[in-house]
Amino acid sequence: MLRIHYSLESEALESISEITAPAELNISMRNKILKIKKGKKLAAGELLAERPSKYGAACSAALSGKATKVNYHHLTIKVDGGEESVEPIDVKSMGPGKELLRTLQELGLNIAALSSHADNLVINGLNPEPGISVAEQLLKDEKETIEAGLKLAESLVNPVHTYLAVAAGSSYGLVGTERVFVKPKYPNSLDALVVKKVTGKEFPDDTKVISVMDLYNLGRVYETGMPITDTIMTIGEKNYRVLFGTPVAHICNELGIDVKSGDKVVLDGPFRGEAVYSLDEGVKKGDYGLFVIPEGTFPSIEDATCINCGECVLSCPARIQPNMLSRYAEYEMFEMAEKYHLHSCFECGLCSFNCTVRRPILQYIRFAKDQLRTSGQAEKA
Amino acid sequence: MTPPVIKAMSDIAVRLTVSPAPHWRSKRTVEKMMQYHLLALVPALLMAFNMFGLPALSTVGTAGAAAVITEVLLLKLQERDVNVDNYTALYEGILFAFLLPAGAPWWMVGCGGALTIVLGRTVFGGFGSNPICAPLVAWAFCRLSWPAAMDIDLNLAHFAINAPLDQLKYFGLDTLEQFDNMDLFLGKQLGGLGASQILGIMAGGIFLVATKWVRIFIPAAFLVGVTVTASIFWMIDPEVYANPIFHLLTGSVMFGAFFLAPDVASSPVGIIPQVLFGLIAGTMVIIIRVYGIYPDGVPFAIMVANLLTPLLDRVRPKPFGGK
Ligand code: SF4
Ligand code: SF4
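Residue numbers (my numbering), protein chains in the order written: chain A, 10 to 390; chain B, 6 to 328.
Chain B extracted, bound-state conformation:
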């Protein structure tokens, strides 16, 4: 049946906008969400510049630009609206850069930025459809393909200090005496250029939670998972395992908690699934750090939890009036 054409009654001088209810809306939009997220990265970026100098900025710039250009090209190829002005590509490119050592080779940074978009999102249908946090896909790809270019200590050999997690992994607990918790907290450590800036990351993360762009459930559960699991190991044998504070202040734990794990598309949607997701990812971090071959467990832990997301989303409360 062809739908009947509804003619305007008489007054067409005033043409009204029509749309379905509700007519009031919260002012949430993707653009705004991303603007806040980008703003939340600023403190860590400034601290990274202070710590690593210009290479930090050029790495972030290269990855961000590569991501945006790739997104434009791919959207054109697919004949979709080129909506890079919603900042999602830029944001995810920068997230990828935050995981890299400052001064990583530019060709790899560019490749990674592009891969964040291609492998991270486009192959799955674009922004919002990716089953795994996009920057982590690119990170894993680079890490497996070019281990030397990704290596923290190697890239930052001109610094007199060491990467804390690599020390723990390869040289054991005793070597950790060289690290002062306050230094770690202030980002005076080697690691992902943004991810290692604990204070800045926490400031940004708390800002996002306070402005409600990130719900508290995943970050909180993630940090609880890390703390509890690390404490269990530590209580079993403090001579062999590092203390939970050390774990919280090193690697990408804070970055993962506030920026990677709550990635909208790859994390679950309900409260209970979100809490479970955070706990699983947090627990996995420590298990990988203790038993795995990679010093920092965060990227792989989050990717594993991402794979569980569809399953976790099946944990649903009883619907209203449901049996």
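If we strip away everything but chain A, and leave its shape as in the complex, we get:
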């Protein structure tokens, strides 16, 4: 039986296991600019694609192999098992500055939180969603690497205060941080609410927030000089290290997970993650969990009209009116959605979770935000 809960606590954790390397890597190209051609022979760690955004992370091959299939949504690499690999970059000797930032970006890190000064640096040490225990796993096992990452982050941000937000009752800590306890209940793990808890302010300008997962990756780049090509994922009760591009089918094979037609397979968390449409879909950066939801577990989303019951409004931690937002988005009245405080929403998903008629409210909200973003870009161009 699937247990729905909001708890972000994790039980006693074993250590991280490895998922063996697959024979093929499928890498999503959505929102990326491809940098290689079909048929190219690739070394492990070779750059594959960059992001069009200013701070976005580049993406590198996890294993050596050959790019066999390339189209605008996926890149497939046939793994050859070779030892070929790119040379490490000496990150340790670089001083803070533009060059370091660009290098980090190329090595697979998002630098949005690192690229300018802020008075407060908040480290989000909470498990991001119910059923995921990656954050606490890393705090328990990889403290040194995280601390190395923290040093690097501090050298870039120069904060006056550094805080570590962790679950109330836990004993995790990091050198040089002031610990703040947060009640481990979803949605308290979301950045906006963590910052509010730590600083008392909502969306403050002088605060940057970074997750322990990102700090861990930062630390690894600092120590090894190699690009990030894997992620830690909670599958069932345990955490696994999974290479980017590993097809879901491979993970299911390895762990003996049975997936039937009609089931839903979710990468990342149950509240904010993405349902994949094929078992060939590869794991990507930012996926911290894999969930298989058997068919019929939940009543399905429906294209229904809102009955004004108010459940979404009463459950929204951003104190806005998801019922109105979803209606404005439905009828493409995005400016009205903005007037109704679309941008206060931090996408926790509780509105859709509770909606009586099962409207896809969060999807409408994301749609509205996206449309506004693209139309904004169009105006600038």
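In short, the hints are calculated from the structure, not lab data.
Every residue gets a Cβ at the ideal spot worked out from N, C-alpha and C, and that includes glycine.
Just so you know, not all the hints are guaranteed correct.
Far from chain B by the CB rule (all over 10 Å, computed), these chain A residues [unchecked claim]:
#1 Ile25
#2 Arg60
#3 Tyr64
#4 Val88
#5 Glu96
#6 Asn119
#7 Lys149
#8 His170
#9 Gly182
#10 Val184
#11 Thr186
#12 Glu187
#13 Asn332
#14 Glu341
#15 Ser361
So the derived label-pair ranges between C-beta atoms look like this [as the list claims (entries may be wrong)]:
#16 B:Tyr296 - A:Gly178: 19 to 27 Å
#17 A:Ala177 - B:Ile298: 57 to 65 Å
#18 B:Ser24 - A:Ile42: 52 to 60 Å
#19 B:Ser24 - A:Asp128: 40 to 48 Å
The hints should help you fit chain B with the ligands onto chain A, whose structure is shown.
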């Protein structure tokens, strides 16, 4: 631009379900909500049967059936999905019946059940879009069109007791000595066949609040509004005005608090608007009872509050991070 067609990669043996996040959901559905609401009406219905006999059941049956049949016909006419299996039409038809005297003429009960759907919901776009609580629209229509058929005392003349609110309205405070609070509480009074079964209604209402299908804000604020306003009048002059307990135990106050006022579509959505809504409706009940021409103020009080709903919903907290 035509959106690109996304081809499945290779494995199509397993066809997965895809849907937008969140992938966990509470198990709330309209069907379940209505099933719980119907269940919550059962105690009052049993007590009504005990008090008024078979006419209570036939009235409920007629109104419910008329509502369901009307809904089916109208949905067909509009070429919409016939989703009466979500019980909303049945539920609202029964709510209408609960306001009637047991044994009201069958043709009027049928008309009212149908009107609950036609005037109450369909003209506004169907279930969930009605600005005013649907059974009350039908009730008001019948009350104005066929006052005699709706009259409590007239329909139930074969009972040896009187309708408490009519006594208060037409004969004054002194006549209330004939009523014992315990009797009123146990539904030994004349009134709407379900609405007068105070104990049963309260049991159902508390059940709905406990199972979270009705949020506590509107019922609580409504009852506070009734109690406080009645107490003020009572304290001004206990010789002229009835005491608050009497008001709480008569007419449709409990029924209104737990079943009519929290109607999903016609009540506000936020916490503050819901509390204001309940307080206004509750206060209006007593004002109408004291100054109005109708003995029971509940239906009109709730309808007036319904009209204020869009206004009340403008009372919003500051959004997260908002100025
Ligand atoms: S996802 Fe829904 S509930 Fe969460 S903040 Fe946004 S509007 Fe509110
Ligand atoms: S929970 Fe769903 S049905 Fe209820 S008000 Fe919100 S959007 Fe409308």
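We went through each hint and held it up to the structure:
1. Ile25: holds, 24 Å
2. Arg60: Arg60 of chain A clear of chain B: closest Cβ-Cβ about 20 Å, beyond 10 Å.
3. Tyr64: holds, 21 Å
4. Val88: holds, 16 Å
5. Glu96: holds, 33 Å
6. Asn119: holds, 20 Å
7. Lys149: Its Cβ never comes within 10 Å of chain B, the nearest being 26 Å, so this holds.
8. His170: holds, 20 Å
9. Gly182: holds, 29 Å
10. Val184: The claim holds: Val184 of chain A sits with its nearest Cβ about 31 Å from chain B, beyond 10 Å.
11. Thr186: Holds, because the least Cβ-Cβ distance between Thr186 of chain A and chain B comes to about 25 Å, which exceeds 10 Å.
12. Glu187: holds, 23 Å
13. Asn332: About 6 Å separates Asn332 of chain A from the closest Cβ of chain B, which leaves it inside 10 Å; violated.
14. Glu341: Glu341 of chain A is indeed farther than 10 Å from all Cβ atoms of chain B, at 16 Å.
15. Ser361: violated, 5 Å
16. B:Tyr296 - A:Gly178: 19 to 27 Å: violated, 58 Å
17. A:Ala177 - B:Ile298: 57 to 65 Å: The hint (57 to 65 Å, Cβ to Cβ) holds, given that Ala177 of chain A and Ile298 of chain B are roughly 59 Å apart.
18. B:Ser24 - A:Ile42: 52 to 60 Å: At roughly 29 Å between Cβ atoms, Ile42 of chain A and Ser24 of chain B fall outside 52 to 60 Å, so the hint is violated.
19. B:Ser24 - A:Asp128: 40 to 48 Å: holds, 41 Å
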